[in-house]
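Asker: Below, each chain spelled out in residue letters.
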Amino acid sequence: MDKSHTSRRRRSPRLWLAGGWLLLALLAAIFAPLVAPQDPLAQDLMLERLPPFWLDGAEPGYWLGTDSLGRDLLSRLIFGGRIAFIVAFAAAIAACLVGSTLGLIAGYFGGWADRIVSRVVDIWMAFPPVLFAILLVAVLGTGLGSVILAIAIIDWTRFCRVIRAEAMGQSRMDYVENARIAGYGRVGIMLREVLPNVVPSIVALLSLEMGIAVIVEAILSFVNLSISTDDPTWGGIIAEGRLSIHQAWWVLVFPLVTLILTVLSFSQFGEALKTRFDPVLR
Amino acid sequence: MLLQRFFVRLLTMLITLFGVAVVVFVVIRVAPGDPIAMMLPPGATDADIARLRALYGLDKSIVEQFFIWLSGVVRGDFGTSISLRQDVLGLVFNRLPATLELAIVALVMAVAIGGTTAILGARERGTAVEAGIDIASGAALSIPDFLWGLVLILLFGVLVPIFDISGRVSPQLDLPFVTQFYFFESLLRLRFDLTWDLLKHMLMPAVALALPLAAIISQLLKQSLKEVLDLDYVVLARVKGFSETQVILREALKNAALPTLTLVGVQFTFLIGGTVIVERLFSYEGLGNMAIDAVINRDLPLIQGIVLVFALLFVLINLAVDMMYALLNPRLRHG
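Those sequence lines, one after another, are chains D and P. Its first residue numbered 3, the first sequence is counted upward by one per residue in this note's numbering. Its first residue numbered 24, the second sequence is counted upward by one per residue in this note's numbering.
Some, not all, of what chain D presents toward chain P, calculated at C-beta under 8 Å:
(1) Ala128
(2) Phe129
(3) Ile136
(4) Leu138
(5) Ile217
(6) Ile240
(7) Val255
From the derived model, a few chain D residues whose C-beta atoms are all more than 12 Å from chain P:
(8) Ala27
(9) Leu99
(10) Lys276
One side of the interface only, derived from the structure: several residues of chain D facing chain P at Cβ under 7 Å:
(11) Pro131
(12) Leu133
(13) Leu137
(14) Ala140
(15) Trp251
(16) Leu261
Note that these hints are calculated values from the structure, not bench results. Every residue, glycine too, gets a C-beta built ideally from N, C-alpha and C.
Next up, chain D with everything else stripped away, as it sits in the complex (with noise of 0.2 Å):
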């Protein structure tokens, strides 16, 4: 009992700190148009490839500097957030509902439905995933709501993964055959006993998810493939600063920054609440 309570108060920093990261992202996210020092869209070739602020040529008001078109950088960062963020709780959600629904069904009824379950699973795994993600955008047509509905297409297998595990090992415990005995039907089993048991995993998938969608819809935009061009998005500025490296390092410095910290806090988010949530740990 006491080592679990010095575990989790260890993990406590991490879960602040991704947590705070998230936080902080988000509300800008949302509150883009009043915390943009600057119109994301406006340029100015008067004002191109300015460096960030604490280097020489700098200009006040453009904190992170500027793209080779003169856009303040920081501004499109903090608009393209909302993309990241719609499609990161948007895709991971549907992915979710979608991969632990048949997860749960698989591993809790077995036989047929597993059987079906798995093979189409073994199928999806047969794709490479990003080039299934740019082939699904392809054919949807840029938008959000193609970039969203082909990361839940192709990831709702590593829900289904790991609950079905679960749940294949859940239906075999004690307390299940207790609750067949004692009269309940299988459907009733499954979402009163089996699911609350999953959960766990679940929340921390779904954290883990979320920062491998923000990475998709980076690279379906750095290959110009995801919404309209005209809104920042993360993977949009890295293509441009990939592009102008040796003239703008801080064009591609910042997204980067700025995913890196996304994608570790989600994952390390998730592993903490799972800890948090997990009845034996807790």
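Guided by the hints, dock chain P onto chain D, whose structure is given.
Answerer: Just chain P now, with coordinates in the frame of chain D:
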């Protein structure tokens, strides 16, 4: 027993591949946008369009198209690329070696880095060294290959420009190669000047691909090693006077490696999947880079061919790992 297992796996593999073929075909045919219209100059007549549609078989029903395409695929005929106007299989085989080389070099790096840190961490268990390895592998695992690639471009392409950040080989070089496996062939021909040039291009994308896998190997192998190190026979070896490193290398590693091996198989397919974007990032002329161009150009036959080759590669790797596991696991070998 082993043979039976092999045939069962082979059968599931074929079913998986058929499933992949169906999914790709359906996904692509749902696509809006007419590839034929994109091929023709403006002002082409309806008759021209119809003639070209018939040439590519696009005038038949979707089920007919699928089976025509599938029967071709089985015979090795993947059709003709619409954007490049060449045989798809030829194009794919021309690019596949570049991707395979990159993936294999990355795999070797991942095993080397992951294995070394696992052994080091197991030997120094409970110390600051192990804690440091845990933190490093945690970070390497959480950050995907796409971001590692960008970090490496900044560090070793711009800050300290020692490696090339785009292409596969310096364009001014004369290449004597007869195969597309430039890297391996340069080694065999003892042309180490070319090997070095290829390596300078390949190193960063390979490291970007290797880091997440290295982290997984490091974590899992270290865990297995630590479990094995408490077993009686290892303790006996220690009593006999072997040093801890010798104990790990001679006694523990053999038995701890099996769970890692199974995982490396699956993870290697993820690594190959990662080549698609990493090749794009480094303008490396492999299959993945061509795939993205094919998608952008709506080159249906080429996309189908590439995805199918990737899928074939994935299931073959899984099959190989499964068989290797069965061969190495004593419980299955004598079962």
